[in-house]
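*Asks:* Each chain, written out:
Number of protein chains: 2
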Amino acid sequence: MHEIVDVTFELKTYEYSEPFRIANNVENKANNIEVRVYLKDGTIGIGEASSSYRVNGEKVPALFALQDTVKEMIAGEDVGNYRRIFDIMDGFSRTAPSVKAAVQYATLDALGVVMGIPVYQILGGSKSKIHTDKTIGIDTIDVMVEKARKTFDEGFKTLKIKIGENLKEDIKKMVAISEATPGASYIVDANQGYTAKMAIQFAQSVYAQNVNVAVFEQPIMWNDLDGLKLLRYNSPFPIAADESAKTRHDVYTLIRNECVDFVNIKLMKSGLSDALSIVELAKTTNIGLMIGCMGESSVGINQSVHFAAGTGAFAYHDLDSHMMLKEEFRGKFKQEGDALIPNV
Amino acid sequence: MHEIVDVTFELKTYEYSEPFRIANNVENKANNIEVRVYLKDGTIGIGEASSSYRVNGEKVPALFALQDTVKEMIAGEDVGNYRRIFDIMDGFSRTAPSVKAAVQYATLDALGVVMGIPVYQILGGSKSKIHTDKTIGIDTIDVMVEKARKTFDEGFKTLKIKIGENLKEDIKKMVAISEATPGASYIVDANQGYTAKMAIQFAQSVYAQNVNVAVFEQPIMWNDLDGLKLLRYNSPFPIAADESAKTRHDVYTLIRNECVDFVNIKLMKSGLSDALSIVELAKTTNIGLMIGCMGESSVGINQSVHFAAGTGAFAYHDLDSHMMLKEEFRGKFKQEGDALIPNV
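Protein chains in written order, with this note's numbering: chain A, 419 to 762; chain B, 419 to 762.
Chain A on its own, in the form it takes in the complex (with noise of 0.2 Å):
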């Protein structure tokens, strides 16, 4: 019926607006790829990658490098008969996760310009619209407080707040974004900079200081299994896994082994399939999720959008990238202040 052809990767470089500083890490610029497939009829599906080394080991080079060989696999194959196309892509799980979640995307995106309907109703239709959050940067106490007051009187409820350099000047950059934002929600992302020991220190002092933390997201080395447990066992607020949540079977590692409260996915880990997994895994155990990005355009985080909404399987998103990002916007969905409408 409807037969992939042709695929092609395009390679996009998108500058940020201004550095992005996470524990241990600064981006400038991010550089993604952006897969089409073209079907018989001449429908294309597009979806973009957009890799980490740092997550995900991945190398731009190695991942441009597979263009042909992603054409042969998946020439031939019929979009109507997309999880051929997820199963073929599985294969990628460890060595181009984005690379994977691009093209089981733009399979999806194919299917629903062929079938006349949104990808988001495809995966479910769950919710017609969905909530951002948006990213504070490490930067000066000053600098974050200021920005954590300007981007929540911009009408971002949930303020993702980037730590994990400093224990000590963390606790006070957050108890005083928490005094000059009343009200907000925070997502508190230590990007492994802490050990077990650091990451209780935080939550509990935080915690006495009356500060709220809705999710405290992977504060220790992904590998540290038994430091998440002591960890969730002795946080007040909920411990989410990140970087430790790459694909399902990480996932039930993490649940089996009690180390989480959250999961964070990201399509740019784990692909539309493993992530499909792992929302049925969530649900089974009653684990809470949210879903993050890497560095992706508006066609990328379009990706997320589309499978929060279709899906409804996430208590926040924290689809902000394109947002950081000097781009030209090309969604197929509509930002309203922290709204994020898949079109109809």
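These aren't lab readings, by the way, just hints derived from the structure by calculation.
The list that follows gives simulated cross-link-like pairs (lysine-lysine, DSS-like), each with its CA atoms no further than 25 Å apart:
1) K575(A) <-> K750(A)
2) K458(B) <-> K547(A)
3) K744(A) <-> K477(A)
4) K489(B) <-> K458(B)
5) K590(B) <-> K575(B)
6) K547(B) <-> K458(A)
These figures come from a predicted structure and were not determined experimentally.
Got chain A sorted already, so can you dock chain B onto it with the hints?
*Replies:* Chain B alone, transformed into the frame defined by chain A:
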């Protein structure tokens, strides 16, 4: 876009061609409920509930009385937002799982009609054809051997053998059937008729006599999880849960406690929503899957054909109840010998 405006239940009674006997139970007829959802534009989606008191605790009068309640619960919902309807029906997971299944499927059936694609492609289109086994009910050894031979000769490569009422006789039956049908695969189902120790004796005995059992299904009581684990660790054959595995939560508990190698998903136990969770759980944890049925007519079996072909998740398909009932075929699939082909 495509709102539900009405829901109707219709009682349908199908007689079995001959009494169907399993461990401690005989069925003479299936009292099913045919569910229709009507959309504003006139589109009709069809599902079927084939309830089970033995497994689910369901009784037809209570289910049938839910027609107007279900209508109230889902009227106004758009079938394009099918996960919302799935979520609403999840409240019936314990009290009316077969109705949950029928309404969830009727929703997808209507969506498929609206979009002009078959349901198995909405679900991913993994396989364009599946193969079913055929069941040999409990009878004398001579009758069972003869039926097994005839069924195998008709082209059914996998035979489902019902046992569980008499251990010594069951062992003799399995050996005799195996000798009469060389090359066949066997799913052996004791429907909770044994203790764990009896089940171990059965498995080890037929194994020693060169009978190759593909799956040994629910030999012991559904709530004997310790027994299942004991059996699993002492059986040369994969152990499957059926009556033990109704909801996604049941299956997580079984997996986490190392009780099973296989799970038998039935839409009548789980609906589509829990069945989708179980598919992802099994994929994540490398548990094998089969799909089975209660007393569905071709209208109900159609649901499982599309679910199984769409997800592509099943090693074995036990979708033969419609072949045992006196009915006029009305499925949206074709049958060629043991092959079930969802219509395109």
